[in-house]
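Protein sequence lines, in the order shown, are assigned to chains A and B. All letters in the first sequence, in the order written, are residues 0 to 315 by numbering that gives the first Met the number 0. All letters in the second sequence, in the order written, are residues 0 to 270 by numbering that gives the first Met the number 0.
FYI, nobody ran anything at the bench for these hints, they're computed from the structure. Heads up, some of the hints might be wrong.
Calculated Cβ distances over 12 Å to all of chain A for the following chain B residues [unchecked claim]:
(1) L49
(2) A65
(3) A168
(4) L192
(5) L202
(6) Q217
(7) R260
With the Cβ distance kept under 8 Å, some of the chain B side facing chain A (calculated, not the full set) [as the list claims (entries may be wrong)]:
(8) G19
(9) I27
(10) F54
(11) A55
(12) V63
(13) L67
(14) S93
(15) P110
(16) L113
(17) L172
(18) D175
(19) D205
(20) T248
(21) G254
(22) Y256
(23) L258
A short list of chain A residues far from chain B (calculated; beta carbon distances all over 10 Å) [stated by the list, open to error]:
(24) I61
(25) D62
(26) S82
(27) I89
(28) V93
(29) L98
(30) I110
(31) A114
(32) A129
(33) L147
(34) F236
In this text, a Cβ means the ideal position worked out from N, Cα and C, and glycines have one as well.
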Amino acid sequence: MTIVAESFVLPERRSAAGRLSDFFWRHPHVLLTVLLGPPLLWLGVVYLGSLFALLLQSFFSIDEFSGLINYEFTLATYRQLLSEANLDIILRTVSMAALVTLVSAFIAFPIAYYAARYARGKWKALFYLAVMLPLWSSYLVKVYAWKLILAKEGILTWVFEKLNLLWLLDAWLALPIVGGNSLSVSYTGTFIVFVYVWMPFMILPIQAALERVPANLIEASSDLGGTPAQTFRHVLFPLALPGIVAGSIFTFSLTLGDYIIPQIIGSSRLFIGQAVYAQQGTAGNIPLAAAFTVVPIVIMGAYLWMAKRMGAFDAL
Amino acid sequence: MRSEKSNRAPLGLKIAAAAGLAFMHVPILLIFLYAFTTEEKTYQFPPPGLTTQWFAVAWSRPDVWAALTLSVKVAAIATGAALILGTLCAAAISQTRFFGRETVSLLVILPIALPGIITGIALRSAFSMADIPFSFWTIVLGHATFCIVVVYNNAVARFRRISGSLIEASMDLGADGFQTFRYVILPNIGTALLAGGMLAFALSFDEVIVTTFTAGQQSTLPIWMLEELIRPRQRPVTNVVAMIVVIVTFLPILGAYYLTRDGDQIAGAGK
């Protein structure tokens, strides 16, 4: 019935484009296929295909004598992954990522809160740009800038010297795990640079979440006798949490996989990203490298699933 | 009384926000200072003297030029591919309802939600399994994959603001789908696409992790910088290049901001 009616309403078009357009109109599924086909083919074949190939590799093993890949399904590589030294790397990376995420949220929150609640008009635009520029500016340049800052003869040492606090810096560097020869070869340095590079990713999602908090909710809380601390704990923080979780997807995931920051600024103890890089490069053990990458994939899979349940995707 | 009070930020908040912003900006500003230092061997602060000679030295270095040209070429082609794929995907997601819509939008985000090293090593192992030699095109392939999301984010936000009645009116007046796209949809999403393209360009121009895995002998500007960071040859030249990179990436970001500022969207929120 409807098809008959349509053919009355729509006059036949003569041009090729017109006829094609009419065809799409009558067959929306074909149009959808034409629209989605290229991007899905690209992402499906190039990206998912590669991921699958990588996953497959983790079930192969490496022949210890020839150094060649043995294409037989085995869990031996995963047994190797769970050895004590490798577990150490995983644990170190995950704790670093968690710590970076926490501190990033801590630094980002006041910026986001100010931008969401107090900045207006021109100031708001300025705030937005002030967050966007460092967020998008070159990753390597940012790492390089910190190399300049953290180096022994660099600006931080100079600042501590001017403040007569050099003894404090030296005392910190003398500490066992976080210390080192200079800040640029210590965990402290790695941590600072991680926070610096990934923290900006936290601001916009938190700001988006805070902007949805009606101002009269805060007023109601204080009218009911809530102190600022109580208002924060019971009203503001729970409502901002989806934004924090959304931001933490980036800070956590990016820290988890980074191998350049710990390589350039850090001690010799490896992170997951460096282990992957070393295994596929110098060691030539692609199966173990692949197994290592499964760790962040599984962690991020669980993380994304949890974030989705908390409604964090709406704050992205 | 109360409303006036609540409109003024507490001092502690102001200080915390200002300190946070300073933390984000001071290190980048330092790069500009170091580009002019006369000190060659170390990162000494404060610089013993200021000079502009390193700009001339950097200008005459062929390796810098080669890396810069390659970076621009890769970014241009990757951006082009991402523009087409990202727009198609955004049109499908925002204009139609279909089964698996959420999965598709997750798939688009995945290349940036998962750490870059995973994308990098996955592509590398796939290339070597398929016997594809590393070349200019393998770099482009990797870059386009994670640039799609930037275009997609911008386009989807704009598509949501086009009212459906505009498109219906165009169709009612006898335009076919292509004419509607050309005269109604494209002018509406044009600036969003331009903004997305600029951000994709900045993203690709800066990408290092995926590039290290998908490049053979070629070196893009970030790869060049990474090598200088690990094995420094002439530090002042690195300082100058770092400053140039900052400027080259700032311009498209500023451009993208001006193109999308009238909207309520956040351009490229989440790289």
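Here is what the structure says about each hint:
1. Here L49(B) stays apart from chain A, with its beta-carbon at least about 15 Å from theirs, past the 12 Å limit.
2. At roughly 17 Å, the least C-beta separation between A65(B) and chain A is larger than 12 Å, which holds for a residue marked as non-interface.
3. Against chain A, the non-interface label of A168(B) holds: every CB pair exceeds 12 Å, the least being about 15 Å.
4. Remark: the non-interface label on L192(B) is consistent with the geometry, its nearest Cβ contact in chain A lying 15 Å away (cut-off 12 Å).
5. Interface exclusion of L202(B) from chain A breaks down, the closest Cβ pair being 8 Å apart, not more than 12 Å.
6. The claim that Q217(B) is not at the interface with chain A holds, since no C-beta of that chain comes within 12 Å of its own (minimum 17 Å).
7. Annotated as non-interface, R260(B) brings its C-beta within 12 Å of a C-beta of chain A; the closest such distance is 7 Å.
8. For G19(B), the shortest C-beta to C-beta distance to chain A is roughly 4 Å, which falls under 8 Å, so the interface hint holds.
9. Annotation: I27(B) was flagged as interfacial toward chain A, and the flag holds, the nearest CB pair being 6 Å apart, inside 8 Å.
10. Given hint, F54(B) at the interface with chain A, is violated; its Cβ is 17 Å from that chain's nearest Cβ, farther than 8 Å.
11. At a threshold of 8 Å, the smallest CB-CB gap from A55(B) to chain A is about 21 Å, leaving the interface hint violated.
12. Checking V63(B) against chain A: minimum C-beta separation of about 14 Å lies over 8 Å; hint violated.
13. Taking 8 Å as the C-beta cut-off, the interface hint given for L67(B) is violated, the closest approach to chain A being about 13 Å.
14. For the restraint placing S93(B) at the interface with chain A, the shortest Cβ-Cβ distance is roughly 11 Å, beyond the 8 Å limit, so the hint is violated.
15. Using the Cβ-Cβ criterion of 8 Å, the hint placing P110(B) at the interface with chain A is satisfied: the shortest such distance is roughly 6 Å.
16. A least Cβ separation of about 6 Å between L113(B) and chain A falls short of the 8 Å threshold, and the interface hint therefore holds.
17. Annotation: interface hint on L172(B) violated; nearest CB of chain A at approximately 13 Å, more than 8 Å.
18. Taking 8 Å as the C-beta cut-off, the interface hint given for D175(B) holds, the closest approach to chain A being about 4 Å.
19. Checking D205(B) against chain A: minimum C-beta separation of about 5 Å stays under 8 Å; hint holds.
20. At about 5 Å, the closest approach between the beta carbon of T248(B) and any beta carbon in chain A falls short of 8 Å, and the interface hint on this residue holds.
21. Taken as an interface hint, G254(B) does not check out: its beta carbon lies about 12 Å from the nearest beta carbon of chain A, beyond 8 Å.
22. Here the hint on Y256(B) is kept, as its CB sits about 6 Å from the closest CB of chain A, short of 8 Å.
23. Taken as an interface hint, L258(B) does not check out: its beta carbon lies about 13 Å from the nearest beta carbon of chain A, beyond 8 Å.
24. Interface exclusion of I61(A) from chain B stands, the closest Cβ pair being 14 Å apart, more than 10 Å.
25. With a closest Cβ-Cβ approach of about 18 Å to chain B, D62(A) is found to remain outside the 10 Å limit, as its non-interface label requires.
26. In this structure S82(A) is separated from chain B by more than 10 Å, as the shortest Cβ-Cβ distance comes to about 20 Å.
27. Listed as outside the interface, I89(A) is consistent with that label: its C-beta sits roughly 14 Å from the nearest C-beta of chain B, beyond the 10 Å cut-off.
28. Against the 10 Å criterion, V93(A) stays outside the reach of chain B, whose nearest CB is about 13 Å from its own CB.
29. In this structure L98(A) is separated from chain B by more than 10 Å, as the shortest Cβ-Cβ distance comes to about 17 Å.
30. Taking the minimum C-beta to C-beta distance to chain B, about 4 Å, the non-interface status of I110(A) is violated against the 10 Å cut.
31. Taking the minimum C-beta to C-beta distance to chain B, about 8 Å, the non-interface status of A114(A) is violated against the 10 Å cut.
32. Consistency note on A129(A): stated as away from chain B, yet its beta-carbon is not over 10 Å from all of that chain's, at 6 Å minimum.
33. With 10 Å as the threshold on Cβ separation, the claim that L147(A) sits away from chain B is violated: the shortest Cβ distance comes to roughly 5 Å.
34. The Cβ of F236(A) sits about 15 Å from the closest Cβ of chain B, beyond the 10 Å cut-off, so the non-interface label holds.
Of the numbered hints listed earlier, those contradicted by the structure are 5, 7, 10, 11, 12, 13, 14, 17, 21, 23, 30, 31, 32 and 33.
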